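Asks: Chain order of the listed sequences is Y and H. Numbers 25 to 324, taken from the numbering used here, label the letters of the first sequence in order. Numbers 352 to 633, taken from the numbering used here, label the letters of the second sequence in order.
Negatives, chain Y to chain H, calculated, CB over 10 Å: (1) G82; (2) N229; (3) M290.
Quick look at which bits of chain H chain Y covers, simulated, 3 or more residues with Cβ under 8 Å: (4) 359 to 372; (5) 376 to 385; (6) 476 to 490; (7) 496 to 510.
Hints are computed from structural coordinates only; laboratory data are not their basis. Bear in mind the structure is a predicted one, so any value in this text is a computation, not a measurement. Quick reminder that beta carbons are idealized off the backbone N, C-alpha and C, glycines included.
Read off the chains here:
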Amino acid sequence: MNRIKKFFKYDNVGMLFVLPGFIYMMVFVGFPIIYNFILSIQDVTVQTLRSDVKEFVGFNNYIQLFRQDNVLTLSIWNTLKFTVMSILFQFITGFALALFFNKNFFFAKPVRGLLMMPWMIPVTITALMFKFMFGTDVGIINYLICSIGLISENIDWLTNTATAMPTVIFANIWIGIPFNMILLATGLTTIPQELYESASIDGANKFHTFKEITLPLLKPTIDSVLILGFIYTFKVYDLVYVMTSGGPVNSTQVLSTYSYKLSFDMFRYSQGAAVANILFIILLLVSLLYLRYVYVEEEV
Amino acid sequence: MGTERNLSRRKNILYCAISVLIICILLFPLYWILVTSLKTEKEIFQIPPTFWPKELNLKSYMTQLERGDFNMFRSFRNSIVISVGAMIISIVLAVPASYGVAKFSFKGKKAIILGFLITQMLPVSVLLTPLFIMYNKMHLYNTVWSTIFADATIGIPFSVLVLKNFFASIPDELEEAAYIDGYNRFTTFTKVLIPIAKPGIVVCGVFSFLYAWGDLAYGMTFIIDQQKRPITAGIFNFLGQYGTKWSYLTAFAVVTIIPVALIFIFMQKYIIEGMTSGAVKG
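Here chain Y stands alone, though its shape is the one from the complex (with noise of 0.2 Å):
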């Protein structure tokens, strides 16, 4: 007895507290990732999954991903591509809206507000949206700039192996543009006001102040929007699935589809959770790289 009741007098009752919600994600989350990784290493297809006893195979499946064709690497190429080229234009259009909607006029804070709309809509709409859009023949974005007089024929956006990369992308710009806008303008009112008054009572031009003032002091939120938007971005799956289910050609096959089709397409467990393994493992260095840099002062 009196043992229980020193127990419950010591912090240790934060632990039964914490216990119901880590057993969960333990088995719906941590074991799963274990197992992952087992399956990765097995050989588990359509013919074995229902089978108790399974081959190990050790890292075969993963010598024969980067063999038998050239998908993987395909895959990750296309995933950097994908990532980098949406950050870096969400990134320059979020800053620029950020610093616009610093501004203080009248609509600054109710537009600012709407603006988030694209990054709540579920993924699946937005990429039926940009499908439709870009649409070969019943597309507005081929009406606008045939009208313009760019170009004279439609174009096949999606199922054209140049164009379709740049189209997914562009669908995911729209909606990355509101996260990247939304924490830089949130970084912006941290820096002291005095700082501008000041700069601007010894002369500096705007850009000046840009360079020397916001970016510097600023530098913690960009490294963090940068960071976290590369981890989400290197991610997506819904938008390229939905949008082009990797091709055509594979020309848009990210590590995340590529792992679905060979899991649930092509019914090769093992090689789908092989791929995915690889995401996992590029995305948790990139984590704790982050988680490093922000809590490198900060006690947890």
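Given chain Y, work out where chain H should sit, using these hints.
Replies: Here is chain H on its own, set in the frame of chain Y:
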């Protein structure tokens, strides 16, 4: 939140005009699917396109009410069940967990927080194949539970991390006062702290709901029967089978956006708070 000094009247008007222009460009896609959903199939393919339907056509919505295979209102209901389920699980588990990590120190706490932070950044792909096989063995495959359980794994870490900061900001004196009044740690938590943390809990509820509402991968992979699938998976199926039926597809899309738009209109404050507090600090 404008941090710059007041602008002259002329600049103010100019900036307002620019901001309206920005919104027209950026939100045009949303306007475009709404308008398209109200057009007839013939008018959709018309060149030049019309920016407002010549004849208002509500058939795309009405036929969905009656017909079988892709009944969007049934999918809508499934999505509500799944999202509310995931939201409840997230809140019930995350509220005590965040209190535990915010107000106590115990062995392994740091590791647990790190775990939550990392799961927040997890790709869905890494869970799809193992959960698919697990669900098959647990007889959860092709039930709404499969997707509810999977969707809650997105809401829980987010909620824990947002609420952790919330609970940490509540002064310890409050708890001590409750002790003196005869509350124990559990009743302090339920009677004193939860009411104070309510705004934070609302943020987490909203986000857990939205994460689940937007999910496609889990709903599509773990549920096979069209009758049980969430609306996002329903749309995806429809797209695959009737790829050019844009009047129906856009109507489907509008219906999916309605709850999001409602949440957005009534809870905008919470959304911006959630985005900034959840994302940057973790």
